[in-house]
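Participant: Sequence:
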Amino acid sequence: MAVVPGFRAFLSLGRSVILQQTFGLNAVHLIACPPRRLCTLTTKSDETKPPVNTENESLLENLNLMGVDVKMARLRQPGVLRKAFTNEQGLAKFLQSKGASRKVIAGIISRYPRAITRTISHLEQRWQLWKNIFTSDKEIVSILDRSPESFFRSSDNGNLEKNIAFLTTLGLNSKDLHRLLATAPRTFSNSLELNMQMVECLEDICAELGGKDPEQFAKAVISRNLYIFIRSTKRIKTNIDILRALLNLNDSELLRLLQGHGAELLDLSNEYLKNNIINLQQKMVSLGCQTPDMKKLIISYPMVLYIGQATLSSKLDCLLKGGITMKQVLQTPRVLDYSTQNITGRLEELQKVGYDFEKNGIGILDSSRKRFVAKMEKLAALSDN
DNA sequence: GGGACCGGGGTCTGCCATGGTT
DNA sequence: AACCATGGCAGACCCCGGTCCC
1 MAVVPGFRAF
11 LSLGRSVILQ
21 QTFGLNAVHL
31 IACPPRRLCT
41 LTTKSDETKP
51 PVNTENESLL
61 ENLNLMGVDV
71 KMARLRQPGV
81 LRKAFTNEQG
91 LAKFLQSKGA
101 SRKVIAGIIS
111 RYPRAITRTI
121 SHLEQRWQLW
131 KNIFTSDKEI
141 VSILDRSPES
151 FFRSSDNGNL
161 EKNIAFLTTL
171 GLNSKDLHRL
181 LATAPRTFSN
191 SLELNMQMVE
201 CLEDICAELG
211 GKDPEQFAKA
221 VISRNLYIFI
231 RSTKRIKTNI
241 DILRALLNLN
251 DSELLRLLQG
261 HGAELLDLSN
271 EYLKNNIINL
281 QQKMVSLGCQ
291 TPDMKKLIIS
301 YPMVLYIGQA
311 TLSSKLDCLL
321 KGGITMKQVL
331 QTPRVLDYST
341 QNITGRLEEL
351 QKVGYDFEKN
361 GIGILDSSRK
371 RFVAKMEKLA
381 ALSDN
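Residues in the first sequence are numbered consecutively from 1, following our numbering.
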């Protein structure tokens, strides 16, 4: 759709200095080996052995000294431990300079050993690109600690830069980009092509549903669902098909649903979504509801389809047991937003003060803790007087 | 003052499979 | 054959508070 070719033209302008630099230089070429221990070399005796299946002893020693869980690293990426040239010390120094603790660094290498094959210049470039979106090193360190793979999996900084440019052209502002990278950092390690495919997929869905502004639709879905880019287009398309087939919604209703909270439903695995729809249908029928009730529920509260079968059942049962009717749930479906535990606790408290749901409605269950506590205090004071 | 309505924010990695390259 | 880069998957909500209207 329109965005994609437009973006290609935009890229061809070659606006960035970094983009014009050479990427993908091999660690072997770039690492200044002396001073000693900045990198690890195989010893002569290692070289005489067949290279296959031989771990780099001096590398293992280094990693152990750094507190890396070598067993875990071996399990994850055994090949890295056999490499003759690595950059664990350079990586450690680099991360340390950004404020990462020894423990964090060890954790990163243990979980994503390939990180030690990245060169300093690669790391610096990548860091700078992330810094375009995050303001502080601390924030980046915390994400690396959370998900080392997202940062280190790709060696293609040019692709990362193109991704940032592409996502910007979608009309996502810096706050959106920040949330996107903070929440689903893998998005930025996807190939540009893959991300473009997702946008095209969303735009096509909009067009198929008779939407007039596919670009706006894609943007709405992305900012509603920050995980969208780490899903496959196959999953998204199949989920759309499932929603179309199983919900009695017309195209414009479905379009509206997807631009609202329904966007998050696209994340669910196909089977899970399908099962949840079927289960909700059965549950509602068993509780005496009609098809229009279900449609109304899904439109007003799409996240009902996010709730797993067991959780939904226990939530509804607990509400009904507490004297609440299905009609009231349909009127205030957001009570289902709260955990079963929370609902149970509140129902108990309300029962103690003889709260009349018929008279007052059930809105009190859909309120923040602070507001609920304040309300309960008032009710207690009233009953004291 | 209080309830209804509604938008937003937190959170999501670690593993496996695969195809291309060396 | 080994290794690398990348795609894809499973897993499965809960809560807060601003604002408007009565």
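Think of the hints as simulated: they come from the structure by calculation, not from any bench.
C-beta: ideal position from N, C-alpha, C; glycine also.
Do not rely on the hints blindly, as some may be mistaken.
[Said to hold, decoys possible] Simulated restraints on C-beta separations:
1) Met-303 x Gly-345: 19 to 25 Å
2) Gln-309 x Ala-165: 23 to 29 Å
3) Met-303 x Val-353: 16 to 22 Å
4) Ser-300 x Gly-79: 38 to 44 Å
5) Gln-216 x Glu-193: 20 to 26 Å
6) Gln-216 x Gly-79: 22 to 28 Å
7) Ala-310 x Glu-348: 39 to 45 Å
8) Leu-330 x Asp-69: 49 to 55 Å
9) Arg-179 x Gly-99: 33 to 39 Å
10) Ala-245 x Leu-320: 42 to 48 Å
[Claimed, not checked] Okay, derived cross-link-like pairs now, BS3-like style, lysine-lysine, Cα gap no bigger than 30 Å in a straight line:
11) Lys-71 x Lys-98
12) Lys-321 x Lys-234
13) Lys-295 x Lys-283
14) Lys-352 x Lys-327
15) Lys-237 x Lys-138
16) Lys-359 x Lys-327
17) Lys-138 x Lys-71
18) Lys-131 x Lys-98
19) Lys-175 x Lys-212
20) Lys-237 x Lys-212
21) Lys-378 x Lys-359
22) Lys-237 x Lys-321
23) Lys-103 x Lys-138
24) Lys-219 x Lys-175
25) Lys-103 x Lys-131
26) Lys-212 x Lys-283
27) Lys-234 x Lys-327
28) Lys-296 x Lys-283
29) Lys-237 x Lys-219
30) Lys-219 x Lys-283
31) Lys-296 x Lys-321
32) Lys-219 x Lys-274
33) Lys-352 x Lys-295
34) Lys-295 x Lys-321
35) Lys-274 x Lys-237
36) Lys-93 x Lys-103
37) Lys-370 x Lys-321
38) Lys-352 x Lys-375
39) Lys-93 x Lys-131
40) Lys-131 x Lys-175
Participant: Each of the hints needs a verdict: does it hold here or not?
Facilitator: Verification of the supplied hints:
At about 21 Å, the beta-carbon gap between Met-303 and Gly-345 stays in the expected band of 19 to 25 Å. One distance hint, 23 to 29 Å for the beta-carbon pair Gln-309 and Ala-165, is violated here, with the actual separation near 43 Å. Between Met-303 and Val-353 the beta carbons are some 30 Å apart, a value that contradicts the proposed interval 16 to 22 Å. Against the hinted window of 38 to 44 Å, the Cβ-Cβ separation of Ser-300 and Gly-79 comes to about 53 Å, which falls outside the hint.
Roughly 23 Å separates the CB atoms of Gln-216 and Glu-193, a value that falls within the hinted 20 to 26 Å. Checking the proposed 22 to 28 Å range against Gln-216 and Gly-79 shows it is violated: the Cβ atoms sit about 45 Å from each other. Evaluation of the 39 to 45 Å hint for Ala-310 and Glu-348 yields a failure: the beta carbon distance comes to about 21 Å. Our hint of 49 to 55 Å for Leu-330 and Asp-69 holds, since their Cβ atoms are close to 52 Å apart.
Checking the proposed 33 to 39 Å range against Arg-179 and Gly-99 shows it is violated: the Cβ atoms sit about 22 Å from each other. Taken as a hint, the range 42 to 48 Å is violated for the pair Ala-245 and Leu-320, whose Cβ atoms sit roughly 30 Å apart. This hinted pair checks out: Lys-71 and Lys-98 have alpha carbons roughly 27 Å apart, not beyond 30 Å. Using a Cα cut-off of 30 Å, the hinted pair Lys-321 and Lys-234 is violated, with the two alpha carbons roughly 41 Å apart.
Only pairs whose Cα atoms come within 30 Å are accepted, and Lys-295 paired with Lys-283 is accepted, the gap being roughly 14 Å. A hinted pair counts as satisfied when its Cα atoms are at most 30 Å apart, and Lys-352 with Lys-327 qualifies at roughly 23 Å. Among the hinted pairs, Lys-237 with Lys-138 is inconsistent with the structure: their alpha-carbon atoms are about 37 Å apart, more than 30 Å. Annotation: proposed proximity of Lys-359 to Lys-327 holds, straight-line Cα distance about 14 Å (limit 30 Å).
Annotation: proposed proximity of Lys-138 to Lys-71 holds, straight-line Cα distance about 28 Å (limit 30 Å). For the given pair, Lys-131 sits about 12 Å from Lys-98 by alpha-carbon distance, which is consistent with the 30 Å threshold. Restraint check for Lys-175 and Lys-212: the C-alpha separation of about 26 Å stays at or below 30 Å, so the hint holds. For the given pair, Lys-237 sits about 19 Å from Lys-212 by alpha-carbon distance, which is consistent with the 30 Å threshold.
For the given pair, Lys-378 sits about 17 Å from Lys-359 by alpha-carbon distance, which is consistent with the 30 Å threshold. For the hint linking Lys-237 to Lys-321, the alpha-carbon distance of about 39 Å lies beyond 30 Å, and the restraint is violated. Between Lys-103 and Lys-138, the direct Cα distance comes to roughly 15 Å. Compliance with the 30 Å bound is thereby established for this hinted pair. For the proposed pair Lys-219 and Lys-175, the alpha carbon gap of about 13 Å is at most 30 Å, so the pair holds.
Taking the CA atoms of Lys-103 and Lys-131, the gap is about 23 Å. The hint holds against a cut of 30 Å. Straight-line distance between C-alpha atoms of Lys-212 and Lys-283 comes to about 36 Å, which puts the hinted pair past the 30 Å bound. Under the criterion of a C-alpha separation no larger than 30 Å, the hint pairing Lys-234 with Lys-327 is inconsistent with the structure, at around 37 Å. Among the hinted pairs, Lys-296 with Lys-283 is consistent with the structure: their alpha-carbon atoms are about 15 Å apart, no more than 30 Å.
A C-alpha spacing of about 17 Å is found between Lys-237 and Lys-219, which places the hinted pair at or below 30 Å, so the restraint holds. At roughly 34 Å between alpha-carbon atoms, Lys-219 and Lys-283 are farther apart than 30 Å, so this suggested pair is violated. A distance of roughly 23 Å separates the Cα atoms of Lys-296 and Lys-321; the hinted pair therefore holds under the 30 Å criterion. For the suggested pair Lys-219 and Lys-274, the alpha carbons sit about 26 Å apart, so the restraint of at most 30 Å is met.
Proximity of Lys-352 to Lys-295 is assessed by CA-CA distance (about 35 Å); at most 30 Å being required, the pair is judged violated. A hinted pair counts as satisfied when its Cα atoms are at most 30 Å apart, and Lys-295 with Lys-321 qualifies at roughly 24 Å. Of the supplied pair hints, the one linking Lys-274 and Lys-237 holds, its CA atoms being roughly 13 Å apart against a limit of 30 Å. The hinted pair formed by Lys-93 and Lys-103 meets the criterion: a straight-line CA distance of about 13 Å does not exceed 30 Å.
About 25 Å separates the Cα atoms of Lys-370 and Lys-321, which keeps this hinted pair within 30 Å; it holds. Annotation: proposed proximity of Lys-352 to Lys-375 holds, straight-line Cα distance about 14 Å (limit 30 Å). For the hint pairing Lys-93 with Lys-131, the CA-to-CA distance comes to about 18 Å; that is within 30 Å, so the pair holds. Of the pairs offered as hints, the one joining Lys-131 and Lys-175 holds, with about 14 Å between alpha carbons and a cut-off of 30 Å not exceeded.
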